[in-house]
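S.K.: Taken in order, these protein sequences are the chains called A and B. For the first sequence, the working numbering assigns the number 1 to the initial residue and increments by one for each residue that follows. For the second sequence, the working numbering assigns the number 1 to the initial residue and increments by one for each residue that follows.
Misleading hints may appear alongside valid ones.
What the hints assert, rightly or not - Partial pick of chain B residues on the chain A-facing surface, computed with a CB cut under 10 angstroms:
#: 1; residue: S11
#: 2; residue: V12
#: 3; residue: E87
#: 4; residue: R159
#: 5; residue: A161
#: 6; residue: Q243
#: 7; residue: H249
#: 8; residue: R250
#: 9; residue: L254
Said to hold, decoys possible - Chain A side only, calculated, beta carbon under 10 angstroms to chain B, not exhaustive:
#: 10; residue: M1
#: 11; residue: N49
#: 12; residue: L72
#: 13; residue: Q83
#: 14; residue: R84
#: 15; residue: A116
#: 16; residue: L122
#: 17; residue: E148
Bear in mind the hints are in silico, worked out from the structure with no lab data behind them. Given the structure is predicted, the values throughout are model-derived calculations rather than measurements. Note that the Cβ used here is the ideal one computed from N, Cα and C, for glycine as well.
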Amino acid sequence: MAFEFDRITVRRAGRLVLDEVTAWIPAAGITVISGPSGAGKTTLLRLCNRLEVPDEGTVRYRGQPLDELDPLVLRHRVGMVFQRSVPFPGSVADNLAVAHPDAHAGEMSAALARVALDPGLLAQEARTLSGGELQRMSLARTLVTEPETLLLDEPTSALDAQPKQVFENTARELAAQGITIVWVTHDSAQAGRVADRIYQLRDGHMTRATGKAAP
Amino acid sequence: MNDAVSWVGLSVSLLLVAVAAGISWWQRLGLQRQILVAAVRALVQLLLVGAALSLVISPGRSIWWSWLWVVAMLGYAATVARRRAPEVPHLLTLALASFTVAAVVTLGVLFGLHVFPLTGRTLVPIAGMMIGNSMTATVLAGRRLTDELRDKRDEVEARLALGQPSRQAATPYVRAALRAALTPQIETTKATGLVFLPGAMTGLILAGAAPFQAVLVQAVVMFLVLAATATTTTVIALGLIRQLFTPDHRLVYLPAPADH
Chain A
1 MAFEFDRITV RRAGRLVLDE VTAWIPAAGI TVISGPSGAG KTTLLRLCNR
51 LEVPDEGTVR YRGQPLDELD PLVLRHRVGM VFQRSVPFPG SVADNLAVAH
101 PDAHAGEMSA ALARVALDPG LLAQEARTLS GGELQRMSLA RTLVTEPETL
151 LLDEPTSALD AQPKQVFENT ARELAAQGIT IVWVTHDSAQ AGRVADRIYQ
201 LRDGHMTRAT GKAAP
Chain B
1 MNDAVSWVGL SVSLLLVAVA AGISWWQRLG LQRQILVAAV RALVQLLLVG
51 AALSLVISPG RSIWWSWLWV VAMLGYAATV ARRRAPEVPH LLTLALASFT
101 VAAVVTLGVL FGLHVFPLTG RTLVPIAGMM IGNSMTATVL AGRRLTDELR
151 DKRDEVEARL ALGQPSRQAA TPYVRAALRA ALTPQIETTK ATGLVFLPGA
201 MTGLILAGAA PFQAVLVQAV VMFLVLAATA TTTTVIALGL IRQLFTPDHR
251 LVYLPAPADH
């Protein structure tokens with residue numbers, strides 16, 4: 001089991017964002033958390049690498065409560081790609097070096113190749129990449145730390161159909177390589193395309209998982 | 001001092017306030033009342049401070065009265081900084097700490113190494129200049145760093161999510177804030193003597209000191225202010241980082257200034 005959510009409650013500014021959510025996410029394949037905007041999906045994802053902590057309840061990663069794990073080690077094991085990719089100043093190589101300062105050119109090229117980006121882009125200014133390239137560069141930036149799990153927060157919401165499909169294919173390939181993927185989306189069609197199992201989150205409540213590999 | 005301003009001279013100089021108020025009236029700025037209130041308030045405050053200072057630094061008075069005055073200035077400056085930038089968390093404590101560190105460093109050099117003799121007459125004005133200039137830089141640095149971390153939250157969290165410790169994730173924004181806070185002082189230092197004659201030097205010359213002696217004092221004051229602003233802004237920035245990130249490397253929620 002990758003993640004276990006045990007009666008998780010999160011309140012923000014007096015509003016109940018997650019209400020005693022209990023669920024578990026298997027290590028294999030792609031788990032999609034779907035639901036409308038404001039349902040608490042992003043909050044649930046941010047709990048997984050401790051960018052946020054719950055007010056009540058326990059999140060466990062591979063059996064260990066997150067508050068017993070070193071957050072810096074956890075974030076190397078559990079990478080995250082955000083809805084709005086932010087390039088750091090400098091080239092694509094500079095961006096990858098933020099994640100892995102000791103990475104050599106070969107490792108960086110391999111990381112770009114894993115996300116279907118031309119390794120020739122390494123020297124390019126990151127801010128000049130297209131939206132699709134930027135999102136895949138963010139994925140490569142996360143992959144260069146060799147995480148075992150990827151958290152994807154609406155990673156294709158700003159992309160057109162073609163780059164969206166490329167990203168989905170890349171994610172499927174990564175899952176096939178053994179990387180656990182937790183994917184948040186409000187796009188039910190996309191959820192159907194990429195998911196091995198789907199959780200629905202609505203008004204802070206989680207439904208039972210559905211799909212071909214539901215736990 | 002032969003060139004002392006008399007009470008009559010002071011009254012005549014109020015004509016200049018009338019000029020400012022007249023311009024406001026002519027251009028319909030609606031600032032006449034504020035200009036008059038500011039001028040009267042400044043005059044009353046200066047007269048009160050002058051009377052208090054006469055007591056504190058009069059010959060034969062213990063130096064401890066001057067130190068007490070410095071401590072009061074530190075406290076007051078910290079409350080002013082807090083009032084000017086309410087969006088910066090814990091600024092009162094941080095400003096107090098940073099002014100104290102800057103005071104130890106700068107006054108330690110100037111008085112410890114006998115650049116100036118330690119008397120009430122030197123301690124109070126030098127500490128005043130150090131604290132006054134540091135206060136502006138402190139507000140600038142604190143505000144800029146808080147703004148950077150709030151406005152670039154996505155970028156900061158992307159760094160944290162890659163496993164960077166909070167101190168490292170904050171480094172680019174700390175540098176930007178320190179540069180923004182120190183650059184005006186550096187520019188002022190560069191332009192001194194060419195573009196304007198600074199206050200301490202002007203005051204000394206008006207009081208009858210030899211210009212070269214006034215220049216030496218002013219140079220020391222400029223260096224004092226440079227060191228003080230660099231020290232206070234760095235202490236503020238490093239202290240703020242400890243407040244704005246949790247021990248487990250999360251960025252705390254930073255409300256927009258309008259939310260206050």
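S.K.: Does each hint fit the structure? Answer for all of them.
M.R.: Each hint tested on the structure:
1. Contact between S11/B and chain A, as hinted, is not supported at the beta carbon level, the nearest pair being about 57 angstroms apart and thus beyond 10 angstroms.
2. At about 57 angstroms, the closest approach between the beta carbon of V12/B and any beta carbon in chain A exceeds 10 angstroms, and the interface hint on this residue is violated.
3. The criterion of a C-beta within 10 angstroms of any C-beta in chain A is not met by E87/B, whose closest approach is roughly 17 angstroms, and the hint is violated.
4. Below 10 angstroms, beta-carbon pairs count as interface contacts, and R159/B has one with chain A at about 7 angstroms; its hint therefore holds.
5. Hint on A161/B holds. Least Cβ distance to chain A is approximately 4 angstroms, under the 10 angstroms limit.
6. Violation of the interface hint for Q243/B is found here, the shortest Cβ-Cβ separation to chain A being roughly 18 angstroms, above the 10 angstroms cut-off.
7. Checking H249/B against chain A: minimum C-beta separation of about 5 angstroms stays under 10 angstroms; hint holds.
8. Residue-level restraint check for R250/B holds (minimum Cβ-Cβ distance to chain A is 6 angstroms; threshold 10 angstroms).
9. Violation of the interface hint for L254/B is found here, the shortest Cβ-Cβ separation to chain A being roughly 13 angstroms, above the 10 angstroms cut-off.
10. For M1/A, the interface hint is violated, the least distance from its beta-carbon to any beta-carbon of chain B being 22 angstroms, above 10 angstroms.
11. Because the closest C-beta pair between N49/A and chain B is about 6 angstroms apart, less than 10 angstroms, the hint holds.
12. This hint holds: L72/A has a C-beta 5 angstroms from the nearest C-beta of chain B, less than the 10 angstroms allowed.
13. The interface hint given for Q83/A holds, since its Cβ lies 9 angstroms from the closest Cβ of chain B, which is under the 10 angstroms cut-off.
14. Among the interface hints, the one on R84/A holds; its C-beta lies about 6 angstroms from the nearest C-beta in chain B, closer than the 10 angstroms criterion.
15. Annotation: interface hint on A116/A violated; nearest CB of chain B at approximately 21 angstroms, more than 10 angstroms.
16. For L122/A, the interface hint is violated, since its Cβ never comes within 10 angstroms of a Cβ in chain B; the closest pair sits about 18 angstroms apart.
17. The interface hint given for E148/A is violated, since its Cβ lies 13 angstroms from the closest Cβ of chain B, which is over the 10 angstroms cut-off.
Hint violations for this structure: numbers 1, 2, 3, 6, 9, 10, 15, 16 and 17, all remaining hints satisfied.
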